[in-house]
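There are 4 protein chains.
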Amino acid sequence: MPIKLPEFHFPPLLKKLKRGGPAMIHPKDAGTVIAYTGIGKTSRVLELGCGSGFMTAQLANIVFEVVCYDKREEFLDLAKENLKKLNLINTVFKLKDVNEGIEEKNQDFDLVFADLPEPQKIVDASLDALKKDGFLVGYCLQMEQAKILHLDCEKKFSNVFTIEVTTREYQAKEFGFRPMNFGLVYTAFLVFAQK
Amino acid sequence: MPIKLPEFHFPPLLKKLKRGGPAMIHPKDAGTVIAYTGIGKTSRVLELGCGSGFMTAQLANIVFEVVCYDKREEFLDLAKENLKKLNLINTVFKLKDVNEGIEEKNQDFDLVFADLPEPQKIVDASLDALKKDGFLVGYCLQMEQAKILHLDCEKKFSNVFTIEVTTREYQAKEFGFRPMNFGLVYTAFLVFAQK
Amino acid sequence: MPIKLPEFHFPPLLKKLKRGGPAMIHPKDAGTVIAYTGIGKTSRVLELGCGSGFMTAQLANIVFEVVCYDKREEFLDLAKENLKKLNLINTVFKLKDVNEGIEEKNQDFDLVFADLPEPQKIVDASLDALKKDGFLVGYCLQMEQAKILHLDCEKKFSNVFTIEVTTREYQAKEFGFRPMNFGLVYTAFLVFAQK
Amino acid sequence: MPIKLPEFHFPPLLKKLKRGGPAMIHPKDAGTVIAYTGIGKTSRVLELGCGSGFMTAQLANIVFEVVCYDKREEFLDLAKENLKKLNLINTVFKLKDVNEGIEEKNQDFDLVFADLPEPQKIVDASLDALKKDGFLVGYCLQMEQAKILHLDCEKKFSNVFTIEVTTREYQAKEFGFRPMNFGLVYTAFLVFAQK
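Residue numbers (the working numbering), protein chains in the order written: chain G, 33 to 227; chain L, 33 to 227; chain X, 33 to 227; chain A, 33 to 227.
Hints were generated in silico from the structure; no laboratory data involved.
One should not assume that every hint holds.
Among chain G residues calculated to face chain X with C-beta under 10 Å, some are [stated by the list, open to error]:
{"hint": "1", "residue": "Asp165"}
{"hint": "2", "residue": "Gln174"}
{"hint": "3", "residue": "Lys205"}
{"hint": "4", "residue": "Phe221"}
Pairs of lysine-lysine, BS3-like flavour, derived with a Cα cap of 27 Å [claimed, not checked]:
{"hint": "5", "chain 1": "G", "residue 1": "Lys205", "chain 2": "L", "residue 2": "Lys164"}
{"hint": "6", "chain 1": "L", "residue 1": "Lys187", "chain 2": "G", "residue 2": "Lys36"}
{"hint": "7", "chain 1": "A", "residue 1": "Lys205", "chain 2": "A", "residue 2": "Lys227"}
{"hint": "8", "chain 1": "L", "residue 1": "Lys187", "chain 2": "G", "residue 2": "Lys205"}
{"hint": "9", "chain 1": "A", "residue 1": "Lys73", "chain 2": "X", "residue 2": "Lys48"}
{"hint": "10", "chain 1": "A", "residue 1": "Lys164", "chain 2": "X", "residue 2": "Lys73"}
{"hint": "11", "chain 1": "G", "residue 1": "Lys205", "chain 2": "G", "residue 2": "Lys73"}
{"hint": "12", "chain 1": "X", "residue 1": "Lys227", "chain 2": "A", "residue 2": "Lys36"}
{"hint": "13", "chain 1": "A", "residue 1": "Lys188", "chain 2": "L", "residue 2": "Lys36"}
{"hint": "14", "chain 1": "L", "residue 1": "Lys164", "chain 2": "L", "residue 2": "Lys128"}
{"hint": "15", "chain 1": "X", "residue 1": "Lys50", "chain 2": "G", "residue 2": "Lys36"}
{"hint": "16", "chain 1": "L", "residue 1": "Lys117", "chain 2": "G", "residue 2": "Lys153"}
{"hint": "17", "chain 1": "A", "residue 1": "Lys116", "chain 2": "A", "residue 2": "Lys128"}
{"hint": "18", "chain 1": "L", "residue 1": "Lys227", "chain 2": "G", "residue 2": "Lys48"}
{"hint": "19", "chain 1": "L", "residue 1": "Lys128", "chain 2": "G", "residue 2": "Lys116"}
{"hint": "20", "chain 1": "X", "residue 1": "Lys73", "chain 2": "A", "residue 2": "Lys73"}
{"hint": "21", "chain 1": "X", "residue 1": "Lys164", "chain 2": "A", "residue 2": "Lys73"}
{"hint": "22", "chain 1": "A", "residue 1": "Lys187", "chain 2": "X", "residue 2": "Lys188"}
{"hint": "23", "chain 1": "L", "residue 1": "Lys164", "chain 2": "G", "residue 2": "Lys50"}
{"hint": "24", "chain 1": "L", "residue 1": "Lys50", "chain 2": "L", "residue 2": "Lys112"}
{"hint": "25", "chain 1": "X", "residue 1": "Lys47", "chain 2": "A", "residue 2": "Lys47"}
{"hint": "26", "chain 1": "G", "residue 1": "Lys73", "chain 2": "L", "residue 2": "Lys163"}
{"hint": "27", "chain 1": "L", "residue 1": "Lys103", "chain 2": "G", "residue 2": "Lys163"}
{"hint": "28", "chain 1": "A", "residue 1": "Lys205", "chain 2": "A", "residue 2": "Lys73"}
{"hint": "29", "chain 1": "X", "residue 1": "Lys117", "chain 2": "A", "residue 2": "Lys73"}
{"hint": "30", "chain 1": "X", "residue 1": "Lys48", "chain 2": "A", "residue 2": "Lys47"}
{"hint": "31", "chain 1": "G", "residue 1": "Lys128", "chain 2": "G", "residue 2": "Lys227"}
{"hint": "32", "chain 1": "G", "residue 1": "Lys47", "chain 2": "L", "residue 2": "Lys187"}
{"hint": "33", "chain 1": "G", "residue 1": "Lys205", "chain 2": "L", "residue 2": "Lys205"}
{"hint": "34", "chain 1": "L", "residue 1": "Lys36", "chain 2": "L", "residue 2": "Lys73"}
{"hint": "35", "chain 1": "X", "residue 1": "Lys205", "chain 2": "A", "residue 2": "Lys112"}
{"hint": "36", "chain 1": "A", "residue 1": "Lys116", "chain 2": "X", "residue 2": "Lys205"}
{"hint": "37", "chain 1": "G", "residue 1": "Lys117", "chain 2": "L", "residue 2": "Lys128"}
{"hint": "38", "chain 1": "X", "residue 1": "Lys187", "chain 2": "A", "residue 2": "Lys164"}
{"hint": "39", "chain 1": "L", "residue 1": "Lys73", "chain 2": "G", "residue 2": "Lys50"}
{"hint": "40", "chain 1": "L", "residue 1": "Lys73", "chain 2": "G", "residue 2": "Lys73"}
Every residue, glycine too, gets a C-beta built ideally from N, C-alpha and C.
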C-alpha cells in the first residue's frame, strides 16, 4: 500500500532548485552542520562532493565563499546551474576527484564538508585546508562510513563527535494535537571533527 | 542515581557566552530555524524574547541584522554583554514588553523568531514586520503553546507547520558503533508560519 | 510522490486477522502495555473499546482472561470472528457503551486497557475493576486525551506516567548498515496509572 | 553537571529483582520481543545468556517454559534466586557455554532469545531448537553485532528484520504537556529471524 511522501518543508531557496540523481541534503542536516560548527558571514567552506548543489546553496546563502569539488561533470553542471538561479555568485566549482588531491592547502577554511563514499581518504587534506578550530564534517549514509571516519579523525583532530538529526512533524486541530503517523526517520550520520 | 549530563557540543561561538536564567536555545533548534526559513547574509531578523542571547548570537553570526526585544532588563543586559564578547555588532536591543506593541511595521523582516509565553499574541505584529514569504517561528516549550500558535497562524499565514528536532549522539570504537544510552530528547516545538 | 508503506512485521498471530475500520493496535504498543504492567498467564484484563480485536488477540494470547466491551456491533462481531480464528476462547465480549457503566466491580482485574474517545470517563469504573497495584492504561491518539487522562488519574492512582514508543527499522548489507529512510513515527500516547 | 537518571517504570515483577553485573533487559525491549514474535501461554522459550534473569522473569511470567543457559556461575545463581523470588518455577537453568553446543535439538521451541557477544555463532543451533515459524531474536548492543547476525540469518531464515525501540516519557501539568528533557535513548538493536 503506497502512502504519501512526507512534506519536506524546503525553504524558498531550495524550492527553486532542480533535483538531480544524488540524494539532496535536507535542511535538517544543513542546519545542524551550520549551527554546530558556528560558521557565518565571514566563513570560507570547502565542499567535497557537491552533487546537485543543494548543500552548496544552503552554505553559500550564509557564508562568504564556498569552493566545491565533484568528479562527475553532469552533477557539477547541475550544481552550477542551480546556484546561478539563486544568484549565489560566491561559489567556485572544480571538476576533480578529491582523492587525487585538493588545491586548498593554506589552512584558511572554517569548514570542510564531505559527502563522499570514502570520507576517511580526505582527513589529511582537510587538515591542510582548515584553520585552527575549523571543522571537518562528514555526511555518511552508512554506519560503516561514519565509524571509519570517526575513528580516523580521532587520531588527528582534537574534538570528534557523531550525531544524527531527526525531525518529526505535528498536526494541529481544535481537538487534536499529535505527531503525524509517517515520516522521514533517517538521512545520514554526521561526523564532526574539530581541528 | 545521577548520570552525567550529555555533552551538548556547542560551537566555539556559544562556548564563549555566559549562561543566564532562561533556557538556552540549542544549536539543533537554531540550525533548524536557519535552514527551514532559508535566512542568510542579507536577511533581517526580529527576535522577540531574547533571554541571555544564545539565539541572538547564532542568528547575528549569519544574518545582516537582528533586532531583539526583551522586557527583563537583567537578561537584556546579559544578552548585550554576550554579543559584545563575540564582536557581533549587527544587533539592536530594545527593553520592552512585546505584548505592548512592536515598532517594526514596515514589512522588511525575513524572520520573526518568538520565544514567548504566549506567542499567539504577536501574530498580527509579525505580519506587520514580515516581508512577503517571510517566516514567523515560535519556539514553544509546551504542546499547548504550539497548538494555539499553529491554529492562530493558519488563519493568517499561507504555510504553517510544526516540527520538533532531536539529535542523537553515537560512540565509535574499533568494535562498537552504537548510540549513547542517555541523551537530550526534547527542548521545544518549533512552529513555522510563512507569510 | 507515493512511497511504500513501511513493513509492520506483524507476528503470525496478527497476520491471520481481518482488519476493520478502527486503527489496529500495533505490536510495539501491545508489547509495551504487556511489559510495563507485568501481566502474564494468570492475569485478568478488561478491555474497553476493543475495535476489530487486534489488541484483544495480543492480550488473550498471553493472559488468563480478557473481558471486552464495544458499543459498535459491527466491530464487536469482527473482533469475535477474529478471536475465533485464533482459537482464543478465553475472551468474553459485551456489546455496551462503557460510559453507561461496567459490570466488573469486584477489584479482580490486573489491567484495564482503554481505547476510547474520552478515557477519563472510565477512571472511577477502572478503580472498581482493578486489584490493588493493577494498571489502567489509556491508548490516546491525541495529546489532549493523554493530558486529561493523566491529570485525572493523578488524583486517584498512586503511580501515573505517560510514554510513547517508537520503533525504527534498519537495513543490513555487506557494506551498509543503516536505518531505513521512511517509517511509522507515531501511533499513540500510552497513559499508565497504577492503583 | 550530573542529572537524575530517568525513571524506568519497571513493573512490580521487576522491582522485586536484585540487579547484578550485566545490563538488564528493559520492559521496552522485552515487550517488543514478546509482541513481535507472538509468544504466549503455550510457548516454549530458549534463552541463551540469561545474565541476572530480568528477561527470564519477563518471559517466564508469560510463557509455558523457559530454558536458560549462561556460562557465568555467579549470574546463573543470581538469575535462579531472582526467579525463585517471583515463584516462577517454569524455568530450567543450565550452566554451560552455548558456543560448545545446546542440548535442545527437537525443533520444539517457539523462541530462541540470545544476548551473547557473538550471537551469529548460535544460528545453526537455533534452527535445530526452533519450530517452523519460530523466531530467533538477538539482543545486540553494537551495530556490528546486529549486522553480522542479520546477514547470517538471511542465509538460513525466511524472514529477517532488525529494529530498535525507543520510549519517551511526557510530563503533564494543567498548562504544560510535553516530553521530558532527558531520557534513555538507546539500549540495543533487536534482530528478528523467523524460521
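Results of checking the hints against the structure:
1. Contact between G/Asp165 and chain X, as hinted, is not supported at the beta carbon level, the nearest pair being about 30 Å apart and thus beyond 10 Å.
2. With a least beta-carbon distance of about 5 Å to chain X, the hint placing G/Gln174 at the interface is held under the 10 Å criterion.
3. Look at G/Lys205: its Cβ gets to within about 8 Å of chain X, closer than 10 Å, so that hint holds up.
4. Using the Cβ-Cβ criterion of 10 Å, the hint placing G/Phe221 at the interface with chain X is satisfied: the shortest such distance is roughly 8 Å.
5. With a CA separation close to 26 Å, the supplied pair G/Lys205 and L/Lys164 stays within the 27 Å bound.
6. Restraint check for L/Lys187 and G/Lys36: satisfied, since their Cα atoms lie roughly 25 Å apart, inside the 27 Å limit.
7. Only pairs whose Cα atoms come within 27 Å are accepted, and A/Lys205 paired with A/Lys227 is rejected, the gap being roughly 48 Å.
8. Proposed proximity of L/Lys187 and G/Lys205 is supported: the alpha carbons are some 12 Å apart, at most 27 Å.
9. The hinted pair formed by A/Lys73 and X/Lys48 meets the criterion: a straight-line CA distance of about 18 Å does not exceed 27 Å.
10. With a C-alpha separation of about 24 Å, the suggested pairing of A/Lys164 with X/Lys73 holds against the 27 Å cut-off.
11. About 39 Å separates the Cα atoms of G/Lys205 and G/Lys73, which puts this hinted pair outside 27 Å; it is violated.
12. Distance restraint check for X/Lys227 and A/Lys36: the Cα-Cα separation of roughly 25 Å lies within the 27 Å cut-off, and the hinted pair is therefore satisfied.
13. For a cut-off of 27 Å, the pair hint linking A/Lys188 to L/Lys36 is broken: about 43 Å separates their Cα positions.
14. Taking the CA atoms of L/Lys164 and L/Lys128, the gap is near 26 Å; set against the 27 Å cutoff, the hint holds.
15. About 24 Å separates the Cα atoms of X/Lys50 and G/Lys36, which keeps this hinted pair within 27 Å; it holds.
16. With a C-alpha separation of about 38 Å, the suggested pairing of L/Lys117 with G/Lys153 is violated against the 27 Å cut-off.
17. About 20 Å separates the Cα atoms of A/Lys116 and A/Lys128, which keeps this hinted pair within 27 Å; it holds.
18. Restraint check: the Cα-Cα separation between L/Lys227 and G/Lys48 comes to about 18 Å, which is no more than 27 Å; the hinted pair holds.
19. For the hint linking L/Lys128 to G/Lys116, the alpha-carbon distance of about 42 Å lies beyond 27 Å, and the restraint is violated.
20. This hinted pair checks out: X/Lys73 and A/Lys73 have alpha carbons roughly 6 Å apart, not beyond 27 Å.
21. For the proposed pair X/Lys164 and A/Lys73, the alpha carbon gap of about 24 Å is at most 27 Å, so the pair holds.
22. Straight-line distance between C-alpha atoms of A/Lys187 and X/Lys188 comes to about 54 Å, which puts the hinted pair past the 27 Å bound.
23. The suggested pairing of L/Lys164 with G/Lys50 holds, with an alpha-carbon distance near 23 Å, which does not exceed 27 Å.
24. Distance check on the hinted pair: L/Lys50 and L/Lys112 sit about 11 Å apart at the alpha-carbon level, within 27 Å; holds.
25. Of the supplied pair hints, the one linking X/Lys47 and A/Lys47 is violated, its CA atoms being roughly 34 Å apart against a limit of 27 Å.
26. Of the supplied pair hints, the one linking G/Lys73 and L/Lys163 holds, its CA atoms being roughly 22 Å apart against a limit of 27 Å.
27. Under the criterion of a C-alpha separation no larger than 27 Å, the hint pairing L/Lys103 with G/Lys163 is inconsistent with the structure, at around 40 Å.
28. Between A/Lys205 and A/Lys73 the alpha-carbon distance is near 39 Å, which puts this suggested pair outside the 27 Å criterion.
29. For the suggested pair X/Lys117 and A/Lys73, the alpha carbons sit about 17 Å apart, so the restraint of at most 27 Å is met.
30. Using a Cα cut-off of 27 Å, the hinted pair X/Lys48 and A/Lys47 is violated, with the two alpha carbons roughly 36 Å apart.
31. With a C-alpha separation of about 25 Å, the suggested pair G/Lys128 and G/Lys227 falls inside the 27 Å cut-off, and the hint holds.
32. Between G/Lys47 and L/Lys187, the direct Cα distance comes to roughly 24 Å. Compliance with the 27 Å bound is thereby established for this hinted pair.
33. For the given pair, G/Lys205 sits about 46 Å from L/Lys205 by alpha-carbon distance, which is inconsistent with the 27 Å threshold.
34. Distance check on the hinted pair: L/Lys36 and L/Lys73 sit about 38 Å apart at the alpha-carbon level, beyond 27 Å; violated.
35. Distance check on the hinted pair: X/Lys205 and A/Lys112 sit about 39 Å apart at the alpha-carbon level, beyond 27 Å; violated.
36. Straight-line distance between C-alpha atoms of A/Lys116 and X/Lys205 comes to about 43 Å, which puts the hinted pair past the 27 Å bound.
37. At most 27 Å may separate the alpha-carbon atoms for a hinted pair to count; G/Lys117 and L/Lys128 exceed this at roughly 41 Å.
38. Restraint check: the Cα-Cα separation between X/Lys187 and A/Lys164 comes to about 49 Å, which exceeds 27 Å; the hinted pair is violated.
39. At roughly 23 Å between alpha-carbon atoms, L/Lys73 and G/Lys50 fall within 27 Å of each other, so this suggested pair holds.
40. Restraint check for L/Lys73 and G/Lys73: satisfied, since their Cα atoms lie roughly 6 Å apart, inside the 27 Å limit.
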